[in-house]
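Below, each chain spelled out in residue letters.
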Amino acid sequence: MDLRILTKLNAERAARRAAVLVTDIKKGTQRLVLEADILNDPLGAHLGDALRMGRSGMIETETGQVFLTVQAPSVRIIAIGAVHISQALVPMARQLGHDVIIIDPRTAFASPERFPDVTLIAEWPDKALQMLGADRYTAYVMLTHDPKIDDPALFHALRSDAFYIGALGSRKTHGSRLERLRTEGFSDTDISRIKAPIGLPIGAISPAEIALSILGEITASLRLKADGTRATR
Amino acid sequence: MISTDDDILKQAEMWRLEGRGVAMATVMETWGSAPRPVGSHLIIDQDGNFLGSVSGGCVEGSVISEAIDVIESGTAKMLEFGVADETAWRVGLSCGGKIHVYVEKVL
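Protein sequences appear in the order of chains V and R. Counted from 1, the first sequence has number 89 at position 89 by the numbering used here; the numbering is strictly sequential. Counted from 1, the second sequence has number 9 at position 9 by the numbering used here; the numbering is strictly sequential.
Be careful, since some hints might not be right.
Said to hold, decoys possible - Heads up, simulated DSS-like pairs for lysine-lysine below, C-alpha to C-alpha not over 30 Å straight-line:
1. V:Lys127 x R:Lys98
2. R:Lys105 x V:Lys8
3. V:Lys27 x R:Lys105
4. R:Lys98 x V:Lys26
5. V:Lys127 x V:Lys172
6. R:Lys77 x R:Lys98
Claimed, not checked - Which chain R residues face chain V? A few, computed with CB under 10 Å, are given here:
7. Leu9
8. Val22
9. Thr26
10. Val27
11. Met28
12. Thr75
13. Ala76
14. Met78
15. Leu79
16. His100
17. Lys105
None of these hints come from the bench; they were simulated from the model. Glycine included, every Cβ here is placed at the ideal spot set by N, Cα and C.
Looking at chain V on its own, in the form it has when it is part of the complex:
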């Protein structure tokens, strides 16, 4: 592999853009196809499929075997609420290779002392989220259970392609949340995207356990199909 290709591949990932490395096994040649160029590529259909599935693999072409190394952007978790659960979530998410952004307008919560080494935005979600631009590799986690803060973020999330939207709160809290969302004009299909109560049912009690259950649910959303079977391996 040419170092220039490796450098370009790493730069594309840092910019949160997908790319596919195409290796011709017989010839030993390689080229990098950027997401924007996939449509016009001779192997466009194959590359598009591989990227949609997020799956690297060998394909057969007229000229022999070609390996596609798919590089999708890393998962980005946008957590609303600089709360205790978020403090536990940050190191665990990092271990999984996810990027985390914490948003909370309450500066007493969103302090660098409480959240060192993580992107922290002490702004109201509607303002902060406008700047971020969510893609389909984004997971939203609403953790304040304060409608003033969570709701604007939820509206934003439901209008995005985010692959995961979770909201903390009891069934009762979630019930009144759904009422507000319907009033805001969201359909039942929209609303059904929200995972609430948030997290896998593992009996989590402590903030770290709740963070674990949320990350487990995010992993499941990433890896499993809607029917619970494996999408990729």
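Knowing the structure of chain V, use the given hints to seat chain R on it.
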């Protein structure tokens, strides 16, 4: 903590920029039960330092020694591992799968 495949490729770039000889191994095909999915990477430098994995630790030793050859020769090669014979315990996959690992030099 460098544990994701993304960090591993970044590390390969950094090693190369430091002037080290570097090879990259990629799981290209798997059959049956294989511990690491297609697309998993292991990077190796000329001294045998490595990061990442292509199996659960079963064949890494063999991939690393092949990778050092690849760094010297510059010629990429495809390695195959399975559990076909009694030497399997040494360089085989105890899970019973078969994998193809492509090893190439970072030029």
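Can you list which hints this structure breaks, lowest number first?
1 and 15
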